[in-house]
Amino acid sequence: MIRIVLALLTIIAIFIGLVLFPNIANQPVRIEMFGWLFETRTSMFILLALAILILLWSLQKTFNLSINSPRQLWTHLRSGSKKRRELKLQEALTTWVDQGCGHSQKLLKRSKGVIPEWLHQALMIWWDKPENHPPIHDEKDTPLTIALKARLATEDKHISRLSLSERQHFLDAWLAIHPAAPLALQRKARLLGEMGEYAEQVHLLESMMQKSKDITTLKPQLAHALVHLAAKDTDNALACLRKAHRLLPNHSDIVQQFAIALFDSGDHASAEKILLEYLQNHDDTKVAKSALKVLALDALQNFKRMDKPTFQNTFAGRWLRMMLAYEAGLTGIADDAMNAMLSQHPTPLLWQTKGDWLARQHQWEEATEAYQQALKAESTLTST
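So for the sequence shown, our numbering puts the first residue at 1230; every next one is plus one.
Keep in mind the hints are simulated off the structure, nothing from the lab. Please read these numbers as outputs of a predicted model, since none were measured by experiment. One should not assume that every hint holds.
[To be verified] Once the Cα atoms are required to be at most 20 Å apart in a straight line, the calculated DMTMM-like pairs of lysine to aspartate or glutamate come out as: (1) Lys1605 - Glu1594; (2) Lys1341 - Asp1385; (3) Lys1537 - Asp1564; (4) Lys1502 - Asp1512; (5) Lys1522 - Asp1482; (6) Lys1472 - Glu1506; (7) Lys1537 - Glu1556; (8) Lys1440 - Asp1464; (9) Lys1448 - Asp1464; (10) Lys1502 - Asp1464; (11) Lys1522 - Asp1512; (12) Lys1522 - Asp1496; (13) Lys1341 - Asp1357; (14) Lys1461 - Glu1506; (15) Lys1522 - Glu1556; (16) Lys1472 - Glu1435.
[To be verified] Here are the in silico distance ranges between beta carbons for each label pair: (17) Leu1391 - Ala1498: 48 to 56 Å; (18) Lys1537 - Asp1564: 16 to 24 Å; (19) Ile1283 - Lys1369: 35 to 43 Å; (20) Lys1311 - Ala1278: 27 to 35 Å; (21) Leu1348 - Asp1493: 57 to 65 Å; (22) Ala1468 - Leu1526: 19 to 27 Å; (23) Glu1435 - Gln1601: 47 to 55 Å; (24) Gln1601 - Asp1564: 13 to 21 Å; (25) Lys1448 - Lys1605: 36 to 44 Å; (26) Arg1390 - Lys1338: 23 to 31 Å; (27) Asp1565 - Gln1601: 22 to 30 Å.
Glycine included, C-beta positions come from ideal geometry on N, C-alpha and C.
Working from the sequences, and respecting the hints, build out all of it.
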């Protein structure tokens, strides 16, 4: 297009020159070559030369039109040579890398024709902001365009502007053309969890795990989905928690919920076994507190089971052993263990526990002092 404009400006300049200088325009021009004699005036010679050039250009474009489609020809005329379009594409890519999305659309449009049409359209969508994308049109959009629009719209940094139903629409459109797309399935499973559809979420994640070779990221998702389903479906809660525990046997919350569910179902032995096996390998006071409610039912027997070096090496194990001794009536052993632990780890939990023991014995002054020490230890932990 720029070359055409320059050519027109040149022709206009020549005509203006001929009008301004008529003496030059009327001077004779004589050309003799190969026995041929050609004689005319300067103005006519220039006009004839321009006519010949225009004729040659028209013949060239006619030939191009015969072998190319009108759309390709128009693209060529509008964007210039291939080299110029390649430079525009390179400039657009540099602008996108340096400035981010939404700054290279005009340059990208001017590079059309350098790369295949489908790739050009994909880049136009990728380099623009999702809020600028037109809605998905199932009949007009290609499968790649639909998948790309859905992926960009459901990115973590963009989903805040979408409602749950809008996200579902994008993901359903994506999965309709690519049913096995792993990323779309993962985002669908996450969406189902946010919508509270835990049964469908569990079913989808289980199907994904059967087909996927890399299940490291799917296992925790499925385990937590099963925990949520257990809270919603009380009739099948134990089965759901059993599956969740099998997936994440070292997750403290799942261990606690599974053990309590077993205990409530009457399977005390399994509940005790799960809790003790976990505490043998983890120093987790939170689980120890939950274990106390289960193990205190047979405090003396379970105190003997915990009288092992593996439980003596952790604070949670020593605290639980001490509490079982107290519940079993072994107050001497419990007091000795309390004093030994307080000398090493004066934690709020130990002072709180000692205060409770003293209060049960109606030693109110000593209990008050123990509770004050608990508050002091708690403020020290908070400040650090």
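Status of the hints after comparison with the structure:
no. : hint                          : result
1   : Lys1605 - Glu1594             : holds (17 Å)
2   : Lys1341 - Asp1385             : violated (31 Å)
3   : Lys1537 - Asp1564             : holds (19 Å)
4   : Lys1502 - Asp1512             : holds (16 Å)
5   : Lys1522 - Asp1482             : holds (15 Å)
6   : Lys1472 - Glu1506             : holds (18 Å)
7   : Lys1537 - Glu1556             : holds (18 Å)
8   : Lys1440 - Asp1464             : violated (29 Å)
9   : Lys1448 - Asp1464             : violated (23 Å)
10  : Lys1502 - Asp1464             : violated (24 Å)
11  : Lys1522 - Asp1512             : holds (18 Å)
12  : Lys1522 - Asp1496             : holds (14 Å)
13  : Lys1341 - Asp1357             : holds (16 Å)
14  : Lys1461 - Glu1506             : violated (28 Å)
15  : Lys1522 - Glu1556             : holds (11 Å)
16  : Lys1472 - Glu1435             : holds (11 Å)
17  : Leu1391 - Ala1498: 48 to 56 Å : holds (49 Å)
18  : Lys1537 - Asp1564: 16 to 24 Å : holds (21 Å)
19  : Ile1283 - Lys1369: 35 to 43 Å : holds (41 Å)
20  : Lys1311 - Ala1278: 27 to 35 Å : holds (29 Å)
21  : Leu1348 - Asp1493: 57 to 65 Å : holds (60 Å)
22  : Ala1468 - Leu1526: 19 to 27 Å : holds (24 Å)
23  : Glu1435 - Gln1601: 47 to 55 Å : holds (53 Å)
24  : Gln1601 - Asp1564: 13 to 21 Å : holds (20 Å)
25  : Lys1448 - Lys1605: 36 to 44 Å : holds (43 Å)
26  : Arg1390 - Lys1338: 23 to 31 Å : holds (26 Å)
27  : Asp1565 - Gln1601: 22 to 30 Å : holds (23 Å)
In this structure, the hints that do not hold are numbers 2, 8, 9, 10, 14, in rising order.
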